[in-house]
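Asks: Using the sequences and the hints given, assemble the complete structure.
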Amino acid sequence: LKLSQKITDGRDRWGVYHYCGYPEISWYDFAKQIFYDAAKRGIIVPNLRKISTDEYDKQVDRPLRVVMNCSAIKTVWGVEQPDWRPAVEKYIELKLSKGD
Numbered sequence: 001l002k003l004s005q006k007i008t009d010g011r012d013r014w015g016v017y018h019y020c021g022y023p024e025i026s027w028y029d030f031a032k033q034i035f036y037d038a039a040k041r042g043i044i045v046p047n048l049r050k051i052s053t054d055e056y057d058k059q060v061d062r063p064l065r066v067v068m069n070c071s072a073i074k075t076v077w078g079v080e081q082p083d084w085r086p087a088v089e090k091y092i093e094l095k096l097s098k099g100d
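Per the numbering used here, the very first residue in the sequence shown carries number 1; after that it's consecutive.
Just so you know, the hints here were simulated from the structure itself, not pulled from any lab data. Ideal placement from N, C-alpha and C gives every residue a C-beta, glycine not left out. Heads up, a few of these hints could be off.
[What the hints assert, rightly or not] Simulated pairs of lysine-lysine, DSS-like, Cα-Cα distance not exceeding 25 Å: (1) K95 to K32; (2) K74 to K58; (3) K74 to K32; (4) K50 to K40; (5) K90 to K32; (6) K40 to K74.
[To be verified] Here are the simulated distance ranges between beta carbons: (7) K40 to C20: 17 to 27 Å; (8) K40 to E80: 24 to 34 Å; (9) K32 to L94: 35 to 45 Å.
Replies: Okay, structure coming up:
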């Protein structure tokens, strides 16, 4: 069933459900994956340097590590988290095909 149908059928299971790709990742590792996929297509990539939250020039305080807990959506609704990496690769391919 589609998730919308499951929600309609399970009105007593209301609440906040987080949903995101898997596995969890830092901003640095996300950027690293983007540039890895870009390099496979011949794009010159910058050198990345991992920094701590304290080194980041920020206007507001940020938590040290934030990861959404997506276990409830799987437990209650049976919705699996997809691997986000193929979507990044597909997006890069799309942008390159459009000349972006």
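Asks: Each hint needs a verdict: does it hold in this structure or not?
Replies: We went through each hint and held it up to the structure:
Of the pairs offered as hints, the one joining K95 and K32 holds, with about 18 Å between alpha carbons and a cut-off of 25 Å not exceeded. A threshold of 25 Å between alpha carbons decides the hint, and for K74 with K58 the separation of about 34 Å lies outside it, so the pair is violated. Distance restraint check for K74 and K32: the Cα-Cα separation of roughly 28 Å exceeds the 25 Å cut-off, and the hinted pair is therefore not satisfied. Simply put, K50 and K40 have alpha-carbon atoms about 21 Å apart, close enough for the 25 Å limit, and the pair holds.
Annotation: proposed proximity of K90 to K32 holds, straight-line Cα distance about 16 Å (limit 25 Å). Only pairs whose Cα atoms come within 25 Å are accepted, and K40 paired with K74 is rejected, the gap being roughly 33 Å. The given range of 17 to 27 Å is respected by K40 and C20, whose C-beta atoms sit roughly 24 Å from each other. K40 and E80 have their C-beta atoms about 27 Å apart, which keeps the hinted 24 to 34 Å range intact.
Under the hint 35 to 45 Å, the C-beta atoms of K32 and L94, about 20 Å apart, miss the expected range.
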